Every structure is written in C-alpha cells, then in structure tokens.
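Novice: Work out the full structure, taking the sequences as your base and the hints as a guide.
Under numbering that gives the first Met the number 0, residues 0 to 223 are what the sequence shown spells out, in order.
Check each hint, because a few of them may be wrong.
[Said to hold, decoys possible] Below, computed lysine-lysine pairings styled on DSSO-like, alpha-carbon distance capped at 30 Å:
| hint | residue 1 | residue 2 |
| --- | --- | --- |
| 1 | 10 | 203 |
| 2 | 61 | 199 |
| 3 | 80 | 61 |
| 4 | 120 | 186 |
| 5 | 10 | 199 |
| 6 | 80 | 10 |
| 7 | 61 | 109 |
| 8 | 10 | 107 |
| 9 | 109 | 120 |
| 10 | 199 | 109 |
| 11 | 203 | 120 |
Calculated from the structure, these hints are not laboratory results.
On a predicted model such as this, the values are computed, not experimentally measured, just so you know.
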Amino acid sequence: MCARYAYFNGKLIQDDFGVVPLPDLTPRYNAAPTQWMPVVLDDGETRVARLHRWGLVPSWAKDIAFGTNAINARAETLAEKPAFRSAFAQRRCIVPADGFYEWHTEGKVKTPYFIQRADGKRLAMAGLFETWNGPDGPIPTFTIVTTEANQQMTFFHDRMPVILEESDWEAWLDGDVVPGAVESLMKPFEGQLILSPANKAVGKPSVEGPELLTPSVPEQTALF
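Specialist: Have a look at this one:
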C-alpha cells in the first residue's frame with residue numbers, strides 16, 4: 000500500500016515528462032489521500048500535467064467518499080474490478096514523485112521511511128484516473144497502482160507502487176494501447192532503492208515541510 004508520498008521538485012515536471020509545468024505548484028513533502036496532486040496523462044493530442052484528487056472515484060459512484068478506499072489499485076485485479084476496469088483500459092496516468100513513505104513495524108514501534116530511487120531519478124508511479132461528476136461540478140481523481148514488493152520492500156510488507164521506466168511511459172499513457180499490452184509493465188521495481196528513516200510526524204496529513212525527511216532519531220541511517 001502507498002498512502003503517503005512526496006513531490007517537492009514539481010517545477011522539474013517539464014524536464015522529466017516534457018509537459019507544460021503547472022503554475023504555482025507548491026512543493027509537497029506529505030501528499031496524503033484526498034489531496035490534490037499532479038498527474039501526467041495523454042489528453043489525446045499531447046502529454047499534459049493536471050491536478051487530480053487522490054482517491055479514484057468512478058463516474059457511477061454515489062459519493063466522493065468512495066475514493067477513500069481507492070487510493071491504491073492492485074495490478075493483478077485491474078481488469079476485473081468494476082472501479083478500475085474502465086480506467087485501466089483507457090485512462091492510465093503517471094503519478095510523479097520524489098519518493099514515497101512506508102512504515103516498518105518492530106514490536107510496538109512503527110518507523111516511517113522515505114524511499115527513493117538509488118540512481119537519483121524521480122519516480123514515475125503508474126496510476127489510473129477517472130472524473131466524478133459531483134454536485135458542484137466534475138472532480139478529476141486518481142489512484143496509484145501497486146504490485147508485489149521487490150526484495151527491498153519486503154522490509155515493510157508485500158506490496159509496492161508500480162514504478163515505470165521512461166521507456167514504458169508512452170505505452171502506459173496511450174489509451175489506444177490495450178490493457179493486455181501493458182500488463183507486463185506492472186512488475187516489481189528491478190532497480191535499487193534507498194530506504195531512509197523519516198520523521199514520525201509524516202503520519203499526520205496536516206504536517207508539511209522538508210523536516211519530514213529528517214529522521215526523528217538522528218543516529219538512524221539509510222538502509223541498503
């Protein structure tokens with residue numbers, strides 16, 4: 000499960016994805032469900048960046064609260080689940096991030112870690128998007144696709160976000176590419192990750208700032 004991530008280099012979205020940057024994009028160190036975050040998608044003509052609400056809500060849902068239970072979507076069942084089936088077929092997106100957070104539990108102690116690519120590249124997490132027609136107008140929403148954990152991520156649990164390589168972006172974003180042709184992209188990350196202890200305050204969605212990347216216990220060091 001991926002329930003927290005950070006995207007503080009949003010101004011580099013143009014360099015990373017070749018899209019027009021979103022104006023006044025605030026650096027985020029603690030992106031949480033229901034918050035509005037940038038996604039990259041293909042609008043049928045070109046690749047664009049848009050702000051979407053985290054927690055996918057299909058058009059047929061009665062309430063936006065549906066998205067609370069749809070912040071992640073399991074890769075293995077995308078083609079089967081009514082909530083994700085249509086989006087998987089035609090509305091795939093990329094969720095850019097500098098890294099994401101996971102918690103390691105040992106006894107009664109839970110320690111958050113910030114997870115980044117070891118090669119210094121920002122993450123391109125696989126996502127799906129839908130637009131929910133609310134009483135006050137349409138609300139674009141998204142979810143992050145997860146797959147089996149790679150060896151490093153088993154330190155936390157058995158799932159991790161699908162991290163796409165640049166060579167796979169075009170196929171993932173193209174709604175004309177059938178789902179069967181992108182299933183092979185939804186695999187555990189094969190590269191190396193850096194797992195760094197983070198500040199326990201990241202568990203509170205209202206807390207923001209670069210200090211969240213600093214461990215609560217100074218003597219802790221990064222793993223792997």
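Novice: Are the hints correct? Go through all of them and say.
Specialist: Each hint, compared with the structure:
1. With a C-alpha separation of about 25 Å, the suggested pair residue 10 and residue 203 falls inside the 30 Å cut-off, and the hint holds.
2. For a cut-off of 30 Å, the pair hint linking residue 61 to residue 199 is broken: about 35 Å separates their Cα positions.
3. The straight-line distance between the Cα atoms of residue 80 and residue 61 is roughly 17 Å, inside the 30 Å bound, and the hint therefore holds.
4. For a cut-off of 30 Å, the pair hint linking residue 120 to residue 186 stands: about 18 Å separates their Cα positions.
5. Distance check on the hinted pair: residue 10 and residue 199 sit about 27 Å apart at the alpha-carbon level, within 30 Å; holds.
6. For the suggested pair residue 80 and residue 10, the alpha carbons sit about 35 Å apart, so the restraint of at most 30 Å is broken.
7. Restraint check: the Cα-Cα separation between residue 61 and residue 109 comes to about 35 Å, which exceeds 30 Å; the hinted pair is violated.
8. For the suggested pair residue 10 and residue 107, the alpha carbons sit about 39 Å apart, so the restraint of at most 30 Å is broken.
9. At most 30 Å may separate the alpha-carbon atoms for a hinted pair to count; residue 109 and residue 120 meet this at roughly 28 Å.
10. Taking the CA atoms of residue 199 and residue 109, the gap is about 8 Å. The hint holds against a cut of 30 Å.
11. With a C-alpha separation of about 27 Å, the suggested pair residue 203 and residue 120 falls inside the 30 Å cut-off, and the hint holds.
Going down the numbered hints, you'll see the structure goes against 2, 6, 7, 8, while the others check out.
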